[in-house]
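2 protein chains.
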Amino acid sequence: MTLADDVLAGSRRALARLLTRIENEEAPSELAALYPHTGRAWIIGVTGAPGTGKSSLVNALATAYRAQGKTVGIIAVDPTSPFTGGAILGDRIRMSAHSGDPGVFIRSMATRGSLGGLSRTARDAARALDAAGFDIVLIETVGAGQSEVDIVRTAHTTLVVEAPGLGDDVQAIKAGILEIADVLVVNKADRPGAVNTVRVLRAMLELGHPAARTSVQHHGQTLTVDAPAGSDTDAATWIPPIVQTVATLAIDDDASGLPALIDAISAHRRHLETGGQRARIERLHLEQELHERLRAELMARLLRDLPRDTFDALIDDVQSRHIDPHTAVQTILSRTTGGAPR
Amino acid sequence: MTLADDVLAGSRRALARLLTRIENEEAPSELAALYPHTGRAWIIGVTGAPGTGKSSLVNALATAYRAQGKTVGIIAVDPTSPFTGGAILGDRIRMSAHSGDPGVFIRSMATRGSLGGLSRTARDAARALDAAGFDIVLIETVGAGQSEVDIVRTAHTTLVVEAPGLGDDVQAIKAGILEIADVLVVNKADRPGAVNTVRVLRAMLELGHPAARTSVQHHGQTLTVDAPAGSDTDAATWIPPIVQTVATLAIDDDASGLPALIDAISAHRRHLETGGQRARIERLHLEQELHERLRAELMARLLRDLPRDTFDALIDDVQSRHIDPHTAVQTILSRTTGGAPR
Chain W
1 MTLADDVLAG
11 SRRALARLLT
21 RIENEEAPSE
31 LAALYPHTGR
41 AWIIGVTGAP
51 GTGKSSLVNA
61 LATAYRAQGK
71 TVGIIAVDPT
81 SPFTGGAILG
91 DRIRMSAHSG
101 DPGVFIRSMA
111 TRGSLGGLSR
121 TARDAARALD
131 AAGFDIVLIE
141 TVGAGQSEVD
151 IVRTAHTTLV
161 VEAPGLGDDV
171 QAIKAGILEI
181 ADVLVVNKAD
191 RPGAVNTVRV
201 LRAMLELGHP
211 AARTSVQHHG
221 QTLTVDAPAG
231 SDTDAATWIP
241 PIVQTVATLA
251 IDDDASGLPA
261 LIDAISAHRR
271 HLETGGQRAR
281 IERLHLEQEL
291 HERLRAELMA
301 RLLRDLPRDT
311 FDALIDDVQS
321 RHIDPHTAVQ
331 TILSRTTGGA
341 PR
Chain R
1 MTLADDVLAG
11 SRRALARLLT
21 RIENEEAPSE
31 LAALYPHTGR
41 AWIIGVTGAP
51 GTGKSSLVNA
61 LATAYRAQGK
71 TVGIIAVDPT
81 SPFTGGAILG
91 DRIRMSAHSG
101 DPGVFIRSMA
111 TRGSLGGLSR
121 TARDAARALD
131 AAGFDIVLIE
141 TVGAGQSEVD
151 IVRTAHTTLV
161 VEAPGLGDDV
171 QAIKAGILEI
181 ADVLVVNKAD
191 RPGAVNTVRV
201 LRAMLELGHP
211 AARTSVQHHG
221 QTLTVDAPAG
231 SDTDAATWIP
241 PIVQTVATLA
251 IDDDASGLPA
261 LIDAISAHRR
271 HLETGGQRAR
281 IERLHLEQEL
291 HERLRAELMA
301 RLLRDLPRDT
311 FDALIDDVQS
321 RHIDPHTAVQ
331 TILSRTTGGA
341 PR
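Protein sequence lines, in the order shown, are assigned to chains W and R. Going by our numbering, the letters in the first sequence line up with residues 1 to 342, in that order. Going by our numbering, the letters in the second sequence line up with residues 1 to 342, in that order.
If you're looking for bench data, these hints aren't it; they were derived computationally from the structure. C-beta: ideal position from N, C-alpha, C; glycine also. A portion of the hints provided could be inaccurate.
[Stated by the list, open to error] If you want a taste of the chain R side facing chain W, the calculated C-beta under 10 Å gives, among others:
#1 L31
#2 Y35
#3 W238
#4 R283
#5 L302
#6 D309
[What the hints assert, rightly or not] Here are the simulated distance ranges between beta carbons:
#7 R199(W) <-> D309(R): 20 to 26 Å
#8 D263(W) <-> S266(R): 54 to 60 Å
#9 P307(R) <-> N24(W): 32 to 38 Å
Chain W with its partners taken away, still in its complex shape (with noise of 0.2 Å):
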C-alpha cells in the first residue's frame, strides 16, 4: 500500500504524513494519485481581518456541519510570522473542541517562506482532504491581501468576515475584499455597532452590485439576514448576502446565525451547480493553477542552468548602473534556454 492508497482507505495517520509531505514540497507523485478522486468536497475559504473571530466561526461552522453528519476538514492557513502565536493558540482551542470526533480533521499550515508557496500547499492540503472523502473542505486565512485572492482561487464559496467596532468609516472595511465575497459575515453581532457595520457593508455592495439595490428595496430597511438575496435576482448575478452570527454561541441558538449561514452557504452551491457555472470557475481555478507551476517550473529551469557567478556578476553591473534591469534580463534570457532559438 502507498501513502496515497491508505489515505484513500481512510487511515487518519496517513492523511497527517501526507499533509507533512505537501508542506514540505515532496509529494507530487502521491496528489497525482489522489487526483482522479477529488472533485467531491465543497471547499469553503474563510477570510477575515484578525480580531473578527474566524476561527470561532470556522469552529462553529464544523459542529453545524458536523450535525447534519457531513465529514469536515479544516486548513488555517497563517500567513504571519511565527512570533504571533496566533495559529498554534486557535488551533488548540479548535482540536479541543472536535476532540475525539474522527468526522474533523484540522491542520494548520505556516508559512515556510513564500505566500505564493503557502497557497500553493494550501490548494494541495485541500486536494488531499477531499481525496480522503471530506464533504466539507472550510481553509481558513488571515485576510491579508494576497492570501485572500488565493484562497478564492481555490474555494467553492468564499465567505468574507467581519466584526462591529471597525469604525463607521466606509474606509474601515477592507478595501477591495467585497469583490472575493461570497457570503458576508457580521460575526460578533452581539456586539454594538453591529447594525452600523451591515448598514456600511450593504452600501459599499449596493456601489458594486447595482442588482444589490434592488434587493434591498424587495426587503425593505431589514438590516438581518438577507440569504435569500441570492436567488431573488436573476440567475446569473449572485449578490452576497450579508448574514450575522454570534459564533460563540451554540448553533441551535437563534442569535448564534449559524442555521442562516449555512442556508446562505447552501443557496452559493446551488447557484453555481445551476446552469454550469461551478464547472467553468473550476476550469479558470485550474487554468490559474497551471499558469502559477508553469511560472514557478521555469524559473527553476533557468536558475538551474544560470551559473549563481554569472547572476552576481551582472547584479553587479546593474548596482554599479553600467547596465538596466531590462537589459540584464534579456542578457540572461540569451545565455540560457530560456532564449533558445524557436
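Following the hints, complete the assembly by docking chain R onto the known chain W.
For chain R alone, coordinates are given in the frame of chain W:
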C-alpha cells in the same frame, strides 16, 4: 531630444507623459536611458490600513521636506478596485495643498491588472522621479498584504501607519506588518486610545525584537516619541521607533509630531548608510527585481510558444481528471522551448 532627455532637463510635462508610458508598460527604452541617473533620491514607503490617515501624513511629510528645501515626488498606489474611488479623491486633496509648487510632483496609480504589475509600475515610477532629480520620493500604498511587501522592495525607509480605534486586542494590529516597518507611526494621536495603541505596538515589538525590551527599560515607561531607539543599541540592529503624529496639524506645531518623524527617518537613513547596509539592501532589491522580471518574461515567451488550443485541450484533460496538474505542466514544458535539451 528624447522623452528621457526632457525628463532629465526638468520638464514636468515630459515626466507626466513618461509616467503614463510607464503605467502602460511601454517605457523600457526610456527607463534604460534614465537608469544611470538614478540612485540619488531617498525613497520612503508609507503603508497602513484604510482610515489611518496615510494621505494626510504623506501630505504633511511633503510640506516638512519642502520646508527643508528638498524636492518631493509622491506616488500614491491604490491596489483597490475602481469603485471605492479613494485614490482620485485623495489625489485632489493633496494636489490642492501643493498646487503651484514645482518642487512637489504627485501621481496616483490605480490597478491596471495584477498587483504584481502595479508594484513593477510603482518601482519604475519611483526611478523616473529619482532620475528627474527629486530628493525625496514618497510611495503611498493601502496596507493590503502583498502590496506592503512590494513597497519594502522599493523603499529605503518604510513607514507603517496605525491609528487609535482599531480595538485594544493585540490581534487587531494587522499581523505581519511589524516586520516590514522601519518606523511605526501612530497617526491621529490626539484621538482617545492613542496611548493604548502605542502600548500594543510596543508589546508586539518586544516579542519580535528582544533588543526592544532593553530600549523600553532605558526609556522607562515613556510611551511618546522614541526616535533614538534605533541608535541606542548595537549598530547592526535597527529597532523601529514609534512616533505619534497628528498629520492634520501644522507641521511647526509641536503636537503634530512631524519634526520627530522626519528625525526618525533621518536616523534610519544614517543607520543604513553606515556600515554598507544601504548597498546590501539595494542589491537584495535588485536581485528580487531581476527574479521577478525573469519569471514574467519566461512566462510571456512560453505563452507565445504554446498554441491556445493545445493549452485548452490540456485543461480539459485536467478538469476531467485524466491527468493531474503537475503532469500537465511537465507535458507543456516538454512541448515548448522551456523543455529544450540543455
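Hint by hint, here is what the structure shows:
At its closest, the beta carbon of L31(R) sits 6 Å from a beta carbon of chain W; the interface hint therefore holds under the 10 Å criterion. Taking 10 Å as the C-beta cut-off, the interface hint given for Y35(R) holds, the closest approach to chain W being about 4 Å. Taking 10 Å as the C-beta cut-off, the interface hint given for W238(R) is violated, the closest approach to chain W being about 17 Å. Checking R283(R) against chain W by beta carbon gives a least distance of about 5 Å; that is within 10 Å, so the hint holds.
For L302(R), the interface hint holds, since its Cβ comes within 10 Å of a Cβ in chain W; the closest pair sits about 6 Å apart. A least Cβ separation of about 14 Å between D309(R) and chain W goes past the 10 Å threshold, and the interface hint is therefore violated. In this structure the supplied range 20 to 26 Å is violated for R199(W) paired with D309(R), their Cβ-Cβ distance being about 49 Å. About 58 Å separates the C-beta atoms of D263(W) and S266(R), a value consistent with the hinted range of 54 to 60 Å.
About 35 Å separates the C-beta atoms of P307(R) and N24(W), a value consistent with the hinted range of 32 to 38 Å.
Hint check: violations occur at hints 3, 6 and 7; the rest are consistent with the structure.
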